[in-house]
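**Student:** Chains H and B, in that order, give the protein sequences.
All residue numbers in the first sequence are consecutive under my numbering, ending with 314.
All residue numbers in the second sequence are consecutive under my numbering, ending with 628.
Hints are computed from structural coordinates only; laboratory data are not their basis.
Predicted model, so just to flag it, every value in this text is computed and none were measured.
Every residue, glycine too, gets a C-beta built ideally from N, C-alpha and C.
Incorrect hints may appear among the rest.
Interface residues of chain B toward chain H, partial, derived using beta-carbon atoms under 10 Å [stated by the list, open to error]: (1) 317; (2) 319; (3) 340; (4) 342; (5) 376; (6) 377; (7) 390; (8) 399; (9) 414; (10) 472; (11) 484; (12) 487.
There are 2 protein chains.
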Amino acid sequence: MAAYREATPDQAELLDALVAAGHLIPSGVPGVYGRGSDFEKVRLGLDGHVTRVATAAGETPETLRFPPVLPRRQLEDLGYLESFPHLAGTVFAFEGTEAQARAQAERAGGHEDWTEHQCMTDLVLMPAVCYPVYPAVARRGTLPAGGVTIDPGGSYAFRHEPSGDPARLQMFHMRELVRIAEPETVQAWRDGWRDRALELLRGLGLDADFDVASDPFFGRSGRMMAASQREQALKFEILVQIAGPEPTAVASFNYHQDHFSGLYGITTADGQPAHTACLGFGHERIVIALLKTHGLDVSTWPPEVCDALWGVAA
Amino acid sequence: MAAYREATPDQAELLDALVAAGHLIPSGVPGVYGRGSDFEKVRLGLDGHVTRVATAAGETPETLRFPPVLPRRQLEDLGYLESFPHLAGTVFAFEGTEAQARAQAERAGGHEDWTEHQCMTDLVLMPAVCYPVYPAVARRGTLPAGGVTIDPGGSYAFRHEPSGDPARLQMFHMRELVRIAEPETVQAWRDGWRDRALELLRGLGLDADFDVASDPFFGRSGRMMAASQREQALKFEILVQIAGPEPTAVASFNYHQDHFSGLYGITTADGQPAHTACLGFGHERIVIALLKTHGLDVSTWPPEVCDALWGVAA
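Could you build the full structure based on these sequences and the hints that come with them?
**Tutor:** Written out as structure tokens, the structure is:
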């Protein structure tokens, strides 16, 4: 089994309160929950708020949407398994005969191991909402002048990190925006959104700060990759204290330089390698931070928060 | 590999046209596509239309939402692997050491087999949007008088059936509604929705008909299960001719009798075993049927269709 992270006492208390209030519905597996109607209302309100803030900032991103599975070959080419082997989820399926199907069903019905009947398919679970954007943009050929901004929406991502912390889910919504353009354009966009997102989250009443950050690279060699990422300030996060010993990252801003454009061959209008950056708002983490900050009864939330989320009172 | 269903010439032509118009974005894996902005606008309009039709019919379902993974133990208990072993997707992940991670990344980078490094997790992909509803309702104890109606939304389901038919996806949105109540209440609800859904789809200009149907049970013994299901008229489908030799099911209506309530122990207010039924609208199939019927340029669609989907012109 993957290293299960036990909840701290305050994380366990928060999870119990969220379940008791009907915001989260336990599935029996840590980090996998259903969502009640108020939770979903806040989540969709937040997503709409991000869209409105983007529009007000003059952004006109193109909407594209992708399902929560990615071709396995793309994961292999991305080098994801070098950096995050512990977080990847792969899709297996049955390919056998009727007799094998009966044997599999019998073992599964008795809750015995039925691994041997499952084969790796050509799909994996989506590790990050922006991953399918880059090959989709690359298919179109050279970028238009000024590059593109893509809105892949608030879509599901999977990370195999079972935890008792209600703010650390295995399957969660990440609302991303992706910028693909000349290097200086992309950097300015990333820095602009870092400031805009901080204002957005503080405007919802969250005690948010930002910091230089690094990805959770695997193992000892991963520590060097993390140090290099920090040194180059390629990743920023916005942090809010939710529960546990440390603040939780609720949004992140990643500058990939030419990593993705090099892999997929994306070039700018004047024939240079494009750079890319993305930002992501962690839907469920922000909703939980709002519930912790403003109370579990959404109908009592401050009018300015309701107005930002829904344009009206809860 | 799973039996790949080749596209018929008209299915291949439709897929090419949908891709050329930007409605579907190929991932490289059959049955897995991104969606363009107009496709998504129609899909969300359809989802809203179903909600409005439900409201107009006096339905007041409770909103619950679930991520597209299910506890493996629930799949095992459901007997899904007896009926549909060929459609299930299971989630595997890495559990090894740093040396094993390096070996895995090397094999994956060379597109060699890295199966041996992956272990079965306690999650599977969601086979049907209604499956997590039943244990969630069971947790609450005895049903209120009159039972409950749950709206699990237009959420993702996975079926491992790679195909060249653009109307047969591996990961797709199924908009469900679930009724849990006394047997006669549930049957009347299912029959009412069968007629209402036919009217809804015909109102969008689709040449839709309904028929008694059966699930795609696996193997020879599955043919007997299918015959029994038909004989008891437990499943209806609404069919539309999209492409290929036979019409495509775009909605289904399933009466489970006491199957789920027995598994999870759901009882009515007067202490009897509840019955359950669900209906599902296949989002992507209906959007593709609309694009085929009204044309690939959504801005030219008939005003009455636009009005139903968005309340205004496209």
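**Student:** It remains to establish, for every hint, whether it holds in the given structure.
**Tutor:** Outcome of the hint check:
1. 317: holds (9 Å)
2. 319: violated (15 Å)
3. 340: holds (8 Å)
4. 342: holds (5 Å)
5. 376: holds (6 Å)
6. 377: Status holds, d = 4 Å.
7. 390: holds (4 Å)
8. 399: Since chain H brings a Cβ to about 4 Å from residue 399/B, closer than 10 Å, the hint holds.
9. 414: holds (8 Å)
10. 472: Since chain H brings a Cβ to about 7 Å from residue 472/B, closer than 10 Å, the hint holds.
11. 484: This hint holds: residue 484/B lies near chain H, its Cβ roughly 7 Å from the closest one there, short of 10 Å.
12. 487: This hint holds: residue 487/B lies near chain H, its Cβ roughly 9 Å from the closest one there, short of 10 Å.
Comparing the model with each earlier hint shows a violation of hint 2 alone; every other hint is respected.
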